[in-house]
Amino acid sequence: MVTTRLVETGDAEVLARLVVDNREFLAPYEPLREEPWSTAAGQRAAVEAALDEHARGTCLPHVVLDDDGAVIGRATLSGIVRGALQSASLGYWIAERAGGRGTATAAAARLTSIAFGELGLHRVQAETLVDNVRSQRVLRRNGFTRYGLAPRYLRIAGEWRDHVMFQLLDPGADPAHAVRRSSDHHPAG
Numbered sequence: 004m005v006t007t008r009l010v011e012t013g014d015a016e017v018l019a020r021l022v023v024d025n026r027e028f029l030a031p032y033e034p035l036r037e038e039p040w041s042t043a044a045g046q047r048a049a050v051e052a053a054l055d056e057h058a059r060g061t062c063l064p065h066v067v068l069d070d071d072g073a074v075i076g077r078a079t080l081s082g083i084v085r086g087a088l089q090s091a092s093l094g095y096w097i098a099e100r101a102g103g104r105g106t107a108t109a110a111a112a113r114l115t116s117i118a119f120g121e122l123g124l125h126r127v128q129a130e131t132l133v134d135n136v137r138s139q140r141v142l143r144r145n146g147f148t149r150y151g152l153a154p155r156y157l158r159i160a161g162e163w164r165d166h167v168m169f170q171l172l173d174p175g176a177d178p179a180h181a182v183r184r185s186s187d188h189h190p191a192g
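Okay, so the sequence shown: first residue is 4 according to this note's numbering, each after it adds one.
Everything labelled a hint here was simulated from the structure, so no lab data went into it. Just so we're clear, the structure is a prediction, and the values are computed from it rather than from any experiment. Any given hint could turn out to be false.
Between beta-carbon pairs, the in silico distance windows are [unchecked claim]: (1) Asp71 x Arg137: 33 to 43 angstroms; (2) Glu33 x Met168: 28 to 38 angstroms; (3) Gly105 x Glu33: 16 to 26 angstroms; (4) Thr6 x Gly161: 17 to 27 angstroms; (5) Arg140 x Thr6: 29 to 39 angstroms; (6) Thr6 x Leu54: 32 to 42 angstroms; (7) Thr42 x Asp71: 19 to 29 angstroms; (8) Gly86 x Ala43: 33 to 43 angstroms; (9) Thr148 x Phe28: 24 to 34 angstroms; (10) Gly161 x Gly82: 35 to 45 angstroms.
Positions of the beta carbon are idealized from the N, C-alpha and C atoms, including for glycine.
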């Protein structure tokens, strides 16, 4: 069964190997990166930065594990915002060899479950390149709905690219209860 767990600094070497082995596969969907990114030291630095953000409560960085427990990718809730928004952004990638079997769908499901359960968030958003149909399928299978288009949103593969915007609201939230709570704190008039 595909699952995820919190990334560890000890994952840096396998992540570097995955990045190198999947360079061509991932390149159309990733920003251009300096060479240290694909080394164990570069991945260790990225993992340490993500774990620092996790300690501050603004990120939940996971690795994706296959049926045998081997690391095959990453899935992250980033930009976690509390207060009135209670939201995060979901990002993920898996090795090309693991694609087409529901692996990314399962990883996205696990992170959205944590977002709405353990973290108590209200909303998870995700963005995909307009032509990234596979990733859009992952999001739709997890109940995400498209809500817009962001022109020239991110610089991917060296070019500013349009992205389709998706969101998923906590399916367990009771909108009527939220309105009552809100009106209790903000009297009309």
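**Asked** Which numbered conditions among the earlier hints are violated in the structure presented, ordered from lowest to highest?
**Response** 1, 2, 4, 5, 6, 10
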